[in-house]
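Colleague: Sequence:
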Amino acid sequence: MTSATTLWPQDPWGRVLNGACDASDLPALIQDIAHTAADLAFERFGDRMHSVYLSGDLARDAGGEAAFIIVLRNSEFSVGLDLFCAAAALRVQKLHPELHACTFETYGWDEVFPSDGRFSPARFRIGVNSVAVAGRDLKRLIAPQKLTSAVSNASIVGLSGRLRALQHRLKAVATESRVRASSKQFAQTSLKGAFACVMSNEQVYTEDFATMARYIALSVPERKHTLASLVGLAQQGTASSLEALAFVDEVMSWLPDFADSWLDQNNPTRDQSINLV
110 MTSATTLWPQ DPWGRVLNGA CDASDLPALI QDIAHTAADL AFERFGDRMH
160 SVYLSGDLAR DAGGEAAFII VLRNSEFSVG LDLFCAAAAL RVQKLHPELH
210 ACTFETYGWD EVFPSDGRFS PARFRIGVNS VAVAGRDLKR LIAPQKLTSA
260 VSNASIVGLS GRLRALQHRL KAVATESRVR ASSKQFAQTS LKGAFACVMS
310 NEQVYTEDFA TMARYIALSV PERKHTLASL VGLAQQGTAS SLEALAFVDE
360 VMSWLPDFAD SWLDQNNPTR DQSINLV
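Note that the working numbering has the sequence shown beginning at 110, numbered continuously upward.
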């Protein structure tokens with residue numbers, strides 16, 4: 110998939126295929142960034158590490174945001190995983206300042222392949238937007254992904270709480286850099302959640318915020334202007350606390366209800382994960 114393509118490729122049955130580049134097609138700079146991340150993972154986990162994947166925009170050579178997914182051989186996590194992920198992301202960004210953002214996430218085998226048949230967000234992300242940069246590639250074990258309600262649920266359940274937490278953070282933060290970062294995160298979370306509410310009906314997948322907004326607007330055309338503003342906020346954020354909180358108030362006036370309506374129909378018990386079928 111080229112950087113100009115915003116909708117993910119699908120097979121003849123509508124299942125979403127992997128949109129990431131092949132490892133050999135990635136530019137040398139991206140390969141260098143990926144190798145740095147893989148080295149950090151191996152230093153931390155050694156033989157416990159099964160594989161490492163580059164995800165996010167960088168996996169498609171379509172931007173400057175990298176996400177790394179580390180899969181461990183078992184789920185017996187050590188203390189301090191969150192600290193490792195935060196420190197590793199900072200280390201990669203320090204060594205590669207051209208990156209706009211970097212994140213690490215770590216999962217055990219049982220989280221990628223749950224025995225109860227429930228949806229695994231980690232497996233979905235590995236299947237639709239990742240390239241293996243270390244270890245054995247799990248994608249041979251992952252079938253093309255169906256856009257079911259189980260996929261949508263992962264972004265919708267708990268959405269209202271996540272948005273409220275970001276709203277409170279924006280009210281509390283004072284520095285321009287923190288306001289910008291929090292407003293950007295609020296906009297991204299909002300667009301992903303709202304798009305998840307329409308994704309299974311529209312049967313399209315994207316990680317491009319402008320494309321998300323276009324499909325969301327088909328269901329809530331009266332929010333088209335707000336959605337366009339959210340796209341800009343998701344890309345750049347704002348340093349103005351007043352501007353950010355005005356956007357937040359507008360979104361909170363309709364998006365939690367929009368999400369709750371989806372949950373009432375598809376997940377009335379508000380389970381964190383639901384069966385794939």
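No lab work stands behind these hints: they were computed from the structure.
It cannot be assumed that every hint is accurate.
As the list claims (entries may be wrong) - Heads up, simulated EDC-like pairs for lysine to aspartate or glutamate below, C-alpha to C-alpha not over 16 angstroms straight-line:
id: 1; residue 1: 293; residue 2: 219
id: 2; residue 1: 203; residue 2: 174
id: 3; residue 1: 293; residue 2: 174
id: 4; residue 1: 255; residue 2: 141
id: 5; residue 1: 203; residue 2: 120
id: 6; residue 1: 203; residue 2: 141
id: 7; residue 1: 280; residue 2: 352
Just so we're clear, the structure is a prediction, and the values are computed from it rather than from any experiment.
Colleague: Each hint needs a verdict: does it hold in this structure or not?
Modeller: To see whether the hints hold, each was checked on the structure:
| no. | hint | result |
| --- | --- | --- |
| 1 | 293 with 219 | 32 angstroms, violated |
| 2 | 203 with 174 | 14 angstroms, holds |
| 3 | 293 with 174 | 13 angstroms, holds |
| 4 | 255 with 141 | 33 angstroms, violated |
| 5 | 203 with 120 | 39 angstroms, violated |
| 6 | 203 with 141 | 13 angstroms, holds |
| 7 | 280 with 352 | 12 angstroms, holds |
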